[in-house]
Amino acid sequence: MIAGAKLPNVTFHTRVRDDSIGGSNPFRWQDMTTEDYFAGKRVVLFSLPGAFTPTCSTYQLPGFEDNFEKFQEMGIDAIYCMSVNDSFVMNKWAESQGIKNVKVIPDGSGEFTRRAGMLVRKDNLGFGLRSWRYAAVVNNGVVEAWFEEPGLCDNHGEDPYGESSPENVMKYLETAASVAAQ
Numbered sequence: 001m002i003a004g005a006k007l008p009n010v011t012f013h014t015r016v017r018d019d020s021i022g023g024s025n026p027f028r029w030q031d032m033t034t035e036d037y038f039a040g041k042r043v044v045l046f047s048l049p050g051a052f053t054p055t056c057s058t059y060q061l062p063g064f065e066d067n068f069e070k071f072q073e074m075g076i077d078a079i080y081c082m083s084v085n086d087s088f089v090m091n092k093w094a095e096s097q098g099i100k101n102v103k104v105i106p107d108g109s110g111e112f113t114r115r116a117g118m119l120v121r122k123d124n125l126g127f128g129l130r131s132w133r134y135a136a137v138v139n140n141g142v143v144e145a146w147f148e149e150p151g152l153c154d155n156h157g158e159d160p161y162g163e164s165s166p167e168n169v170m171k172y173l174e175t176a177a178s179v180a181a182q
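If you count by UniProt numbering, then the sequence shown holds residues 1 to 182, one letter each, in order.
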């Protein structure tokens, strides 16, 4: 995607906690749309190959979580982490990482990722179809800035990381704020 592009309009099938259900699994299905997540907000969206994977769990997700307040100070309303994983996996991963601020979006079928042009094969790792690693600043559903890792292709032999890092996105926001202040 490029700056100025509108995000794909899809429905995400999520599981949300509902204490009125009771029992050991108090969750219910709740469909959320692209508009539900992005309308009227300036957000950071980042996507990665898979929950529980090393780079995603060690650097990318914790980096966005740990810097949430700094992102808010730069005019970001929410930070979303998306992956081609189902809601059960995304929710358990967020729980295992102690995530309180970053919200996870399950793109279980890969529909959003495919329509964004970021769906790649990761058969070489036994993953199947997954997201290429990227981040974006999105303003009211429109891409303001796009940060894509180099080498987009199926079965890439490496897992590039840097362009979509929280530090790089923050650098963009700082520069944008500095330019706007002049």
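No lab work stands behind these hints: they were computed from the structure. There could be a bad hint or two in this list.
Unchecked claim - Under the rule of at most 27 angstroms between Cα atoms (straight-line distance), these lysine-lysine pairs were calculated in the DSS-like manner:
{"hint": "1", "residue 1": "171", "residue 2": "6"}
{"hint": "2", "residue 1": "41", "residue 2": "171"}
{"hint": "3", "residue 1": "70", "residue 2": "122"}
{"hint": "4", "residue 1": "6", "residue 2": "70"}
{"hint": "5", "residue 1": "41", "residue 2": "70"}
{"hint": "6", "residue 1": "92", "residue 2": "70"}
{"hint": "7", "residue 1": "103", "residue 2": "41"}
{"hint": "8", "residue 1": "41", "residue 2": "100"}
{"hint": "9", "residue 1": "92", "residue 2": "103"}
{"hint": "10", "residue 1": "122", "residue 2": "41"}
{"hint": "11", "residue 1": "122", "residue 2": "103"}
{"hint": "12", "residue 1": "92", "residue 2": "171"}
{"hint": "13", "residue 1": "70", "residue 2": "100"}
{"hint": "14", "residue 1": "171", "residue 2": "70"}
{"hint": "15", "residue 1": "171", "residue 2": "103"}
{"hint": "16", "residue 1": "103", "residue 2": "70"}
{"hint": "17", "residue 1": "122", "residue 2": "92"}
Results of checking the hints against the structure:
1. 171 - 6: 23 angstroms, holds
2. 41 - 171: 20 angstroms, holds
3. 70 - 122: 33 angstroms, violated
4. 6 - 70: 26 angstroms, holds
5. 41 - 70: 17 angstroms, holds
6. 92 - 70: Roughly 26 angstroms between the alpha carbons, so the hint for residue 92 and residue 70 holds.
7. 103 - 41: 14 angstroms, holds
8. 41 - 100: 19 angstroms, holds
9. 92 - 103: Between residue 92 and residue 103 the Cα gap is close to 12 angstroms, so the pair holds against 27 angstroms.
10. 122 - 41: Since the Cα atoms of residue 122 and residue 41 sit roughly 32 angstroms apart, the hinted pair is violated (cutoff 27 angstroms).
11. 122 - 103: OK: residue 122 and residue 103 at ~25 angstroms, within 27 angstroms.
12. 92 - 171: 30 angstroms, violated
13. 70 - 100: 15 angstroms, holds
14. 171 - 70: This hinted pair holds, its Cα atoms lying about 11 angstroms apart.
15. 171 - 103: 22 angstroms, holds
16. 103 - 70: Holds. Residue 103 to residue 70 sits at ~16 angstroms (cutoff 27 angstroms).
17. 122 - 92: 22 angstroms, holds
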